[in-house]
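Trainee: Below, each chain spelled out in residue letters.
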Amino acid sequence: MRRFQVGLGLAAMMLTLGLARAEGDPAAGQQLVMQGDGKGGAPCLACHGVDGAGNDAAGFPRLAGLDAGYLARQLRDYRDGRGSDPIMVPNAANLSDQQIDDVAAYYQGQSAQPTPAAADDSVLALGEKLVKQGDWDSYIVPCESCHGPDSQGVGSTFPALAGQHAGYLRKQLEAWQSGARTNDENQLMLAIAGRLNPQQIEAVAAYLSHQSIKGAGQ
Amino acid sequence: MNKLIAFALLGAVSLPLMAENSVPVQLPAFKEGQYVHQAPSVDDLMNDDSIKPQLKEVILKGRDLFMNTQQKRGEYVFNDMNCKSCHMGEGRMNWSGPVWPAATTLPDFRGKNQHVNSLEERIAGCFSFSMNGKPPEYGSDDMLALVAYHQWLAKGAQVYETNIGGRGFSHLGREPEQPADYERGAQVYADNCAVCHGADGQGQHVDGKVVFPPLWGDNSYNWGAGMTRVFTAASFIKNNMPLGKPGSLSDQQAWDVAMFVNSHERPQDPRYTGDAKETREKYNNFHKWTRYGTEFNGQILGQHDNTGDKPFLKPDVLRPRTFE
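Chains A and B, in that order, are what the protein sequence lines are. Residue numbers for the first sequence follow UniProt numbering, beginning at 1 and rising by one. Residue numbers for the second sequence follow UniProt numbering, beginning at 1 and rising by one.
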């Protein structure tokens with residue numbers, strides 16, 4: 001059973017996905033997390049914690065265990081004008097590519113416990129249904145069809161959602177709806193976010209906050 | 001403006017109030033006189049007191065096999081496909097290859113194998129070609145569960161009615177106005193498809209589980225699958241891809257990218273005679289719509305002994321019927 005030649009294709013894919021660049025250094029990243037970049041960028045831990053747990057009440061997302069490529073892309077988007085968050089844009093403004101990769105590598109290696117949002121069983125059940133089965137009659141495809149089994153994320157494009165704070169997830173879905181966030185590939189996320197009603201957003205966010213992330217740090 | 005178009009073309013999908021920003025669901029309108037059936041949902045099943053609990057269990061087993069066919073990897077399935085990979089939306093969505101028409105129109109004569117087929121035989125065809133596999137035995141528990149799922153989805157639908165809105169993958173017709181073009185298709189692919197299916201078309205996996213299926217190569221559908229027909233792939237793509245954005249590609253983009261995808265190698269057609277050109281001629285009513293057995297980049301597509309992960313060429317159940 002001869003295998004098809006896929007070497008060339010793989011090389012092309014790695015270039016496309018940016019996997020070919022040098023790896024980040026978690027130790028250097030930890031220094032940035034603890035001390036900031038000395039050029040106006042605050043220490044990440046001030047909001048996201050040294051372990052990347054974030055803070056649900058304050059709206060700071062969990063970063064622990066997220067794919068480094070995904071984290072790096074978000075930081076570049078803030079730095080390069082594709083993100084509009086008023087806190088993150090100035091903090092990312094002076095980061096070099098290497099510093100971004102370092103910070104991303106550091107937080108990918110961290111782990112933190114989920115902080116499940118308080119929600120009724122019926123809300124969690126609706127959330128689970130949307131995450132795993134979607135609502136095709138409204139053309140809401142299951143979250144897992146892109147974010148992967150148990151919403152653990154797929155590559156650097158589709159982040160893990162499991163264990164993310166409910167408040168942050170809700171804010172992001174609303175940000176796509178309002179146009180405040182636009183850095184998804186080919187509007188793939190806008191397509192789905194735009195079809196969710198407030199109850200569905202609440203349910204999905206609550207359910208996902210109850211799941212645990214099996215990130216690299218665990 | 002886009003929203004207006006979306007509503008005009010909406011077909012069977014009813015969307016909630018649109019957010020400020022949105023991506024339209026652009027599906028074709030049903031033609032006048034077409035029969036339209038809305039297949040039931042799992043909630044409908046659970047609430048349906050007319051269906052015995054024992055039957056519900058079997059229907060749900062069939063649904064589980066349909067949604068997660070990979071649980072039978074190495075038994076029935078030898079590539080990375082699930083039934084739902086092509087029959088999206090649980091096999092109940094119009095324009096996504098809804099499977100209930102198989103339950104209302106079969107037994108019937110099929111051009112593909114030139115005889116009258118049962119529903120089981122139709123399902124066996126999917127396993128043999130699209131899943132590059134070995135179908136569950138006729139009459140087995142697994143086959144019966146799949147049949148039960150199909151038949152339940154057809155609940156209330158008109159038997160023998162064949163003018164069905166949203167059926168199959170053919171609404172773009174058999175051939176494009178402007179010939180499909182590989183190079184243009186490669187660009188469409190890079191811009192719209194590679195983010196999920198990979199620049200190399202091999203899909204993406206997490207912990208060994210398929211998330212985005214491969215579109216060519218050892219783990220994709222074989223050269224006998226309906227999807228290898230450029231017109232089938234074009235219509236599938238037009239009304240289903242990219243995921244969540246049906247109708248977002250132009251007709252020509254769908255044709256071009258279908259041509260691109262189906263110009264790649266894949267596991268052998270189980271009907272292979274040992275010579276791809278000869279096999280193409282023998283099954284010309286099918287292969288005239290594929291690139292199989294034709295020359296591309298100096299090679300005859302499909303001229304090889306590669307059956308992918310499947311350790312045989314042809315499942316035994318693929319055989320002619322004569323009714324004599």
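Some hints here could point you the wrong way.
[Said to hold, decoys possible] Covered stretches of chain B (in silico footprint by chain A; criterion: 3 or more residues with CB under 8 Å from a CB of chain A, positions within the stretch not fixed):
no.: 1; segment: 82-95
no.: 2; segment: 200-210
no.: 3; segment: 233-245
[As the list claims (entries may be wrong)] Below, simulated DSBU-like cross-link-like pairs (lysine-lysine); rule was C-alpha separation at most 30 Å, straight line:
no.: 4; chain 1: B; residue 1: K84; chain 2: A; residue 2: K132
no.: 5; chain 1: B; residue 1: K288; chain 2: B; residue 2: K112
no.: 6; chain 1: A; residue 1: K132; chain 2: B; residue 2: K61
no.: 7; chain 1: A; residue 1: K132; chain 2: B; residue 2: K288
no.: 8; chain 1: B; residue 1: K209; chain 2: A; residue 2: K214
no.: 9; chain 1: B; residue 1: K56; chain 2: A; residue 2: K129
no.: 10; chain 1: A; residue 1: K129; chain 2: B; residue 2: K61
Rather than coming from a laboratory, the hints here were simulated on the basis of the structure. Everything numeric in this text was worked out from a predicted model, so none of it was measured. Beta carbons: idealized from backbone N, C-alpha and C, even for Gly.
Trainee: Straight-line Cα separation of K288 (chain B) and K112 (chain B) no greater than 30 Å?
Mentor: At roughly 12 Å apart (the allowed maximum being 30 Å), K112 (chain B) and K288 (chain B) satisfy the hint.
Trainee: For the segment 233-245 of chain B, do at least 3 residues have a Cβ located nearer than 8 Å to some Cβ of chain A?
Mentor: holds (count 4)
Trainee: Cut-off 8 Å, C-beta pairs, minimum 3 residues; does the coverage of the segment 200-210 of chain B by chain A stand?
Mentor: Satisfied; 7 residues make the cut.
Trainee: Given the hinted pair K132 (chain A) and K288 (chain B), is their Cα-Cα distance within 30 Å?
Mentor: 39 Å, violated
Trainee: With the threshold set at 30 Å, check whether the alpha-carbon distance from K129 (chain A) to K61 (chain B) stays at or below it.
Mentor: With a Cα-Cα distance of about 18 Å, the restraint between K129 (chain A) and K61 (chain B) holds, given a limit of 30 Å.
Trainee: Quick one, are K84 (chain B) and K132 (chain A) close enough, alpha carbons at most 30 Å?
Mentor: 13 Å, holds
Trainee: Tell me if the straight-line CA distance from K132 (chain A) to K61 (chain B) falls inside 30 Å.
Mentor: 17 Å, holds
Trainee: Does the segment 82-95 of chain B contain three or more residues whose Cβ lies closer than 8 Å to a Cβ of chain A?
Mentor: holds (count 5)
Trainee: Just to be careful, I want the Cα atoms of K209 (chain B) and K214 (chain A) compared with a cutoff of 30 Å; is the pair within it?
Mentor: Holds - the C-alpha atoms of K214 (chain A) and K209 (chain B) are around 15 Å apart, at most 30 Å.
Trainee: Can you confirm whether the C-alpha distance between K56 (chain B) and K129 (chain A) stays at or below 30 Å?
Mentor: 19 Å, holds
Comparing the model with each earlier hint shows a violation of hint 7 alone; every other hint is respected.
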